[in-house]
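2 protein chains.
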Amino acid sequence: MSISTDEKIAVVGTGLVGRAWSIVFARAGFPVSLYDPVDGAVEQALQLVEELLPELAQEDLLGGNSPDQVKARLTSAPTLADALAGAMYVQESAPERLEVKQELYRELDQLAEPNTVLASSTSGIPASAFTEGLANRQRCLVAHPINPPHIVPLVEIVPTPWTDAKVIQKTKALMSQIQQLPIQLNREVKGFVVNRLQGALLAEAFKLVEDGVCNVTDVDAAIANGLGLRWSFIGPFETIDLNSAKGVRGYCEMLGPLYYELAQEQADPRPWSEALVNEIDRQRREKLPVEHIGTRQVWRDQRLAKLVNAKKQADQKLGE
Amino acid sequence: MSISTDEKIAVVGTGLVGRAWSIVFARAGFPVSLYDPVDGAVEQALQLVEELLPELAQEDLLGGNSPDQVKARLTSAPTLADALAGAMYVQESAPERLEVKQELYRELDQLAEPNTVLASSTSGIPASAFTEGLANRQRCLVAHPINPPHIVPLVEIVPTPWTDAKVIQKTKALMSQIQQLPIQLNREVKGFVVNRLQGALLAEAFKLVEDGVCNVTDVDAAIANGLGLRWSFIGPFETIDLNSAKGVRGYCEMLGPLYYELAQEQADPRPWSEALVNEIDRQRREKLPVEHIGTRQVWRDQRLAKLVNAKKQADQKLGE
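For the protein sequence lines, the chains are Y and V, in the order given.
The first sequence begins at 1 in my numbering and counts up by one.
The second sequence begins at 1001 in my numbering and counts up by one.
Same shape as in the complex, but just chain Y (with noise of 0.2 Å):
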């Protein structure tokens, strides 16, 4: 199915987030209404999204629109009804507090249309902790976006046990249409999928370093120089398939009881002790003055819009 861009898209919440989402739905067609209690809050928003739209129009990262086009769908609204009003879709990005989301959730349930979406941009609290009481509660769920959403396409999607079949595929089908790719989880748990993985690999990462395997700049270097490329555009799953003529199954035939004598050995929870936060972080900062972080974030974010670009690149020359 295909969603009319005449619809309507409320943004609520308009920090980093959610400013980076109105450039998502913005330059897929939408209409997008802007609303945060803080006062001047979107006018800032605005202002910053329209400082970033030339850079991201020369990475083409803006759908074809001009930074004009972009800008001329985005309107701010006085009031969170204003924002509500006739909105198909509502994405929440407000602060990661429980006691924020509850509040805000009361007022959104009650003042958009029955079945208006509501999705949270959440990356941490599942949307029952926020949304049992609530009128109409099966419109809800959690469209987890990877900062920034407007240059990193995944979202992850995760319904209450409550979320309503048709509320998770029309979601779906909206990020597919604005060119995000969602995945989907089944149902709601701790870290949701992207921070399990990340957790997982950081677990393992911290335990080299505390036990003087390696230094944290080889640690990085393990995974951006090797396992870090291929995990670009192939998954885990993908990649160990590739390993084997025989496949996944021919993989684990192999290398099934190494990897669980891997396991049993990282099996041990450890807290990040503040000895070992402060060794990585002396680490990190002999590479990186900690006045140099937002340089290099800005750094960062060029180099993924680069690096999606060229996969696009080669998704149409080689296929994907």
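Please note: incorrect hints may appear among the correct ones.
Where chain Y lies over chain V, by a calculated footprint (3+ residues, C-beta under 8 Å) [as the list claims (entries may be wrong)]:
#	segment
1	1177-1191
2	1220-1234
Distance condition first, Cα-Cα at most 16 Å in a straight line; then the derived EDC-like pairs of lysine to aspartate or glutamate [said to hold, decoys possible]:
#	chain 1	residue 1	chain 2	residue 2
3	V	K1287	Y	E59
4	V	K1246	Y	E286
5	Y	K190	V	E1188
6	V	K1246	Y	E291
7	Y	K246	V	E1051
8	Y	K246	V	E1059
9	Y	K207	V	E1286
10	Y	K306	V	E1320
11	V	K1317	Y	D211
12	V	K1317	Y	E291
13	V	K1246	Y	E279
14	V	K1306	Y	D315
15	Y	K317	V	E1274
16	Y	K312	Y	E59
17	Y	K246	V	E1274
18	V	K1246	Y	E274
19	Y	K312	Y	D109
20	V	K1207	Y	E188
21	Y	K306	V	E1286
22	V	K1190	Y	D211
23	Y	K287	V	E1261
24	V	K1190	Y	E59
Reference listing, derived: stretches of chain V covered by chain Y, where coverage requires no fewer than 3 residues with Cβ under 8 Å from a Cβ of chain Y [as the list claims (entries may be wrong)]:
#	segment
25	1024-1036
26	1194-1205
27	1247-1256
28	1265-1272
29	1298-1307
Just so you know, the hints here were simulated from the structure itself, not pulled from any lab data.
Remember, predicted model here, so these are calculated numbers, not experimental data.
Positions of the beta carbon are idealized from the N, C-alpha and C atoms, including for glycine.
Given chain Y's structure and the hints, the job is docking chain V onto it.
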């Protein structure tokens, strides 16, 4: 220090890994002597390399050399002694069986000049297991590549307890000179660093499917369209370092407790059951029939080559 490209390299074992190494050394200017005990194996390897070279030239993976220049540096050695005569460095890529390596290293140690470095491509057997009793064991270590090394630059340097520090330095210097990117382990650990990190991610990926949280395709997408994009040019530590204005320290203050909770949930080491492997294989076979794996491997290497190229260009344009 720069190593003269008059120095000879011996490649012992000319299967998939050995022949890829021969390209890596030859395109960097070194004369390479190839030896394999199996009749006709070297000739076959040279034939396969010759077929591969024009494509690599197109992707700018021959360091500015023509296919003929690279090919002219490769010679077939009739005996192991011939391969080793005058060699400054041996890259061993024999089959991954302990008894094979043990027997081979006894020969290598006897035939090679005492200062010749003996480096093993093994992905999992610590070099201490096949070098302990050798007269000149201090010149032995692991230099583990990621397949295929003529495209993926990472090399894991894993010393034994008796490897001379100068041998480690010389091997790292050689790797850097030939444009590979070495990381150094301080000691032998099971799986080295790359497979420990891969194992940690795979363990969680398998659990997510086993526990019905999401399907194989969506786990792959979570990495390939999300986390893997960053990891392909900054590793996991730099990723979290750039996710907080206060760097790793700020990130861990904020999210350390969540990741410790996740680590506790993820702790149980699980063998990959036959039923689970069958299910994952079934899902993969829906995407890729087993008879298409070979074609897809060629595609993967073409994509990898394009990615490595795009990354070099981005390094040059935006900085590393």
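* Which numbered hints does this structure break? -> Hints 3, 5, 7, 8, 9, 11, 12, 15, 19, 21, 23, 24, 25 are the ones this structure does not satisfy, whereas the remaining hints hold.
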